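Generate the whole structure from the sequences, applying the supplied hints.
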Amino acid sequence: MQFFIEVLLGGLLSGVMYSFVALGFVLIYKASGVFNFAQGAMVFAAALTFVGFQEMGLPFPAALLAAFAVMVVLGIVTERVVLRPLVNQPPITLFMATIGLTYVIEGLAQGVWGANVRGLELGIEDVPVQWLMDSTGIGVSTFDLFGAGVAALLVTLLALFFQYTRIGRALRAVADDHQAALSIGIPLQTIWRIVWAVAGFVALVAGLIWGARNGVSFSLTFTALKALPVLILGGFTSIPGAIVGGLIIGSTEKLAEVYLGEYVGGGIDSWFPYVMALAFLLVRPEGLFGEKHIDRV
Amino acid sequence: MLYREAGQFKTSYAADQQIFPIRQDRIGILIILAIAFFAVPMLFSEYWLKAILIPFLIFSLAALGLNILTGYAGQLSLGSAAFMAVGAFASYNFMLRVDGMPILLAFIGGGLAAAAVGIAFGLPSLRIKGFYLAVATLAAQFFIVWLLTKVGWFSNYSSSGVITAQDMEILGYRFVTPEAKYLLVLAIVVVLALLAKNMVRSSVGRAWMAVRDMDVAAEVIGIRIMHTKLLAFAVSSFYCGVAGALYAFAYIGTVEPEGFSLDLSFKILFMIIIGGVGSISGAFLGAAFIVLLPIALDVIVQQWLAGVLPPSVSSNLQLIVFGGLIIFFLIVEPHGLARLWQIGKEKLRLWPFPH
Amino acid sequence: MSGRKIGDVILDLQNISLRFGGVKALTDISFNVREHEVRAIIGPNGAGKSSMLNVINGVYHPQEGRIVFHGEERRKMEPHKAAKQGIARTFQNIALFKGMSVLDNIMTGRITKMHASFLEQAIHFGRARREELEHRHKVEEVIDFLEIQHIRKTPVGRLPYGLQKRVELARALAAEPTMLLLDEPMAGMNVEEKQDMCRFILDVNDQFGTTIVLIEHDMGVVMDISDRVVVLDYGKKIGDGTPDEVRNNPEVISAYLGVAH
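So the protein sequences, as listed, match chains S, R and D.
According to UniProt numbering, the first sequence is numbered sequentially starting from 1.
According to UniProt numbering, the second sequence is numbered sequentially starting from 1.
According to UniProt numbering, the third sequence is numbered sequentially starting from 1.
Any given hint could turn out to be false.
Heads up, simulated DSSO-like pairs for lysine-lysine below, C-alpha to C-alpha not over 27 Å straight-line [to be verified]: (1) R:LYS129 - D:LYS98; (2) R:LYS197 - D:LYS24; (3) D:LYS98 - R:LYS347; (4) R:LYS181 - R:LYS50; (5) D:LYS138 - D:LYS5; (6) R:LYS50 - R:LYS267; (7) D:LYS76 - D:LYS113; (8) D:LYS5 - R:LYS129; (9) D:LYS153 - D:LYS113; (10) R:LYS345 - D:LYS98; (11) D:LYS138 - R:LYS129; (12) D:LYS113 - R:LYS10; (13) D:LYS236 - D:LYS76; (14) R:LYS197 - R:LYS345; (15) D:LYS24 - D:LYS76; (16) R:LYS10 - D:LYS153; (17) D:LYS194 - D:LYS153; (18) R:LYS197 - D:LYS113; (19) D:LYS98 - D:LYS113; (20) D:LYS98 - D:LYS153; (21) R:LYS267 - R:LYS129; (22) R:LYS10 - R:LYS129; (23) D:LYS81 - D:LYS113; (24) D:LYS98 - D:LYS138; (25) R:LYS347 - D:LYS153; (26) D:LYS138 - D:LYS113; (27) R:LYS129 - D:LYS76; (28) D:LYS153 - R:LYS345; (29) R:LYS197 - D:LYS98; (30) D:LYS84 - R:LYS10; (31) R:LYS197 - D:LYS153; (32) D:LYS84 - D:LYS98; (33) R:LYS129 - S:LYS30; (34) D:LYS81 - D:LYS24; (35) R:LYS267 - R:LYS181; (36) R:LYS181 - R:LYS10.
Worth flagging that the hints you see were computed from the coordinates, not collected in a lab.
Please read these numbers as outputs of a predicted model, since none were measured by experiment.
And the structure:
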């Protein structure tokens, strides 16, 4: 039982990480209807840029700010060069464009900073929380807890931002109906730039935490792909969906790997989330929090 | 020779419904085929045949498969490479486990196996659309590669799932030289391309496009959506499967499941975006472009930028150029090279009096 | 109107109710359609007219009620089966296949009548080849009938609105339907185009004996061409009868003019 809880908790906490990445997808999808496949590449690029600045001798806060600045610039350039010329194209075209963007971002990041694997140090150790270990015998990593805390903080901040700022309201209006938002004078392009910048920030935070855990390497982009089944499960437009979806995917994936993996040769976490999300979709195509869609003809 | 339609009056619907209705197109295709079959094997070096033309043909076939599914039937797939893997491993096993299995039959078997798997992974398309489906096809990509790696039977229990394709032999003739392999691949690709062309100009092709353009209206007309979508998945996967078998048997020789990665799936997707979504010739143009581009980039980097750029940049430059081109094509010419070619022909028809 | 004779009831809708979640689109609606007649469905916006057509050919499945078509009783229709049984349809917002030519669009209309197997089509031999030609002949007849010969090879996306509506009618006619459902066939057309469309609809009814169920907003047109009219308002039936009967029905008048009574 203890072992089960340990695995479950570990899964839930790594699920939080998936939620992180999924959050970036949801933000951009809500505001612009773009399914941004490049979110994973942005996570990788953000982490690599941060490490790169640190290696150049910048202290932690400066490197963080500089990396954030780079992500903002990336967002603005993307809006200008990719999104604006493709406005009013079918969503699937934009989706394919972001696959192209993925390659560009990966190539640029590795071209500038080099492709070798780096460590990333946030100063938090990956050891079990002592008092919890002592009292219940369940090992939970301090680092994972820290990550979950940051996630909770970030989600709260975003929720406040959306709810109470002028930009947040404009953003929700755009998400609801582009045309209507435009017609009451909301500057769509500015909104998109802001959203991409915010998504860049989310990618940076995700990149730092993932990077500190597993090292900063190209494989980060694959980890980020795990956010896709999370999205299928939670729906593309729902922030709570991203969080809950992440938790479900994270925990079931770990449980499946531990309890089923040994019978089938292990490594099933590469596909298990997808198959689970698919099975779920067959039962409920609109996702956990999505609304049922009626085709009008 | 002038490209003119004038004077070619169709006096029957049969003439109007030929596979290539314009005479110059018919002649052009015959010339291309003649060159491909007779001149190319004589003129090109072994390196060209082995490293460029054979993979070009194989990727064309895979792109053709994806184009049937994505370009004609409108179902985006990110798992083409996985279906190639199924074709390669199935053909290998047919050769391995069935005594005296003819190689062509093994290829067909590989294609059929891929088609069956394609139908299975196409089932979600009945309930979900667009991005959701695209993401769902990633399940095929990861699951199949994992399965082929983990289940030893598929690779006859070799380490990490590596297989070495058997020799290709038809009626006692062994296809060993690059020329022979090239001609075999060419023949298979030409036949399958003609079949594809026939499909897309028949009622099955119209059903695919109808489902792509507006599925509710298609159903109201009497098209069975499920049947039509699954058929598209099956045919597309069959083509990818045969391409995968040729990839193993005629090109690489020794393959592992990991070789059929997500990256390869994306490459095939790029081929149809650049070549032309929903166009048979686009698959060939796109494949040629994607096969030649890295070689051209290498030459450029080595010739002119050798001292300027560090060697690691070359592979990253390739990523950037690939990605950039995709975005460029989607913005400037979403119908790809095939459309540019068509515009060129229309200009040529009117030349020299464009008004 | 010459020649044609209105026959027996071929479609009978009984107590149809349709809901989307909590929203009631249709409530307890019954009416029938006789063979060879022109039957109009009218009503203000949001009255449930399009939903009614969608129930008839199975795009929507009603929660309650029965549908009797050609003597066969059922809970609901299925779109492709409805097509097989001779029901064709046009849409309020044109639903053509935008990526295909006019000819290919109309050819899809004959899809239920083409039987060549997939493999025959791939080889383009025997039955497949023969069928393509036979059906092309039939399609060309429809093209002649609707006077759209000059645009047969044009991609439909490039055509003006009025012609697109006509191509959509052509696609429906190509199926040689026994019943044709038309959802606002004249919406957004100018007077001349409307006259053309009226003429085509009446010709279809007259020459082929096709039963026609149409939704239309233009009262003049409806009263001119239809044999019987059913009036819907807020998903309920408020009138049913000949144009004259409907015109003098006080409930119908109030629904249209908003007069309390």
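Each hint tested on the structure:
| no. | hint | in the structure |
| --- | --- | --- |
| 1 | R:LYS129 - D:LYS98 | holds (18 Å) |
| 2 | R:LYS197 - D:LYS24 | violated (48 Å) |
| 3 | D:LYS98 - R:LYS347 | holds (24 Å) |
| 4 | R:LYS181 - R:LYS50 | holds (9 Å) |
| 5 | D:LYS138 - D:LYS5 | holds (26 Å) |
| 6 | R:LYS50 - R:LYS267 | holds (20 Å) |
| 7 | D:LYS76 - D:LYS113 | holds (23 Å) |
| 8 | D:LYS5 - R:LYS129 | violated (46 Å) |
| 9 | D:LYS153 - D:LYS113 | holds (22 Å) |
| 10 | R:LYS345 - D:LYS98 | holds (23 Å) |
| 11 | D:LYS138 - R:LYS129 | violated (34 Å) |
| 12 | D:LYS113 - R:LYS10 | holds (26 Å) |
| 13 | D:LYS236 - D:LYS76 | holds (19 Å) |
| 14 | R:LYS197 - R:LYS345 | holds (19 Å) |
| 15 | D:LYS24 - D:LYS76 | holds (17 Å) |
| 16 | R:LYS10 - D:LYS153 | holds (14 Å) |
| 17 | D:LYS194 - D:LYS153 | holds (24 Å) |
| 18 | R:LYS197 - D:LYS113 | holds (22 Å) |
| 19 | D:LYS98 - D:LYS113 | holds (23 Å) |
| 20 | D:LYS98 - D:LYS153 | holds (13 Å) |
| 21 | R:LYS267 - R:LYS129 | holds (22 Å) |
| 22 | R:LYS10 - R:LYS129 | violated (41 Å) |
| 23 | D:LYS81 - D:LYS113 | holds (13 Å) |
| 24 | D:LYS98 - D:LYS138 | holds (22 Å) |
| 25 | R:LYS347 - D:LYS153 | holds (18 Å) |
| 26 | D:LYS138 - D:LYS113 | holds (11 Å) |
| 27 | R:LYS129 - D:LYS76 | holds (25 Å) |
| 28 | D:LYS153 - R:LYS345 | holds (17 Å) |
| 29 | R:LYS197 - D:LYS98 | holds (20 Å) |
| 30 | D:LYS84 - R:LYS10 | violated (33 Å) |
| 31 | R:LYS197 - D:LYS153 | holds (18 Å) |
| 32 | D:LYS84 - D:LYS98 | holds (24 Å) |
| 33 | R:LYS129 - S:LYS30 | holds (18 Å) |
| 34 | D:LYS81 - D:LYS24 | holds (26 Å) |
| 35 | R:LYS267 - R:LYS181 | holds (23 Å) |
| 36 | R:LYS181 - R:LYS10 | violated (41 Å) |
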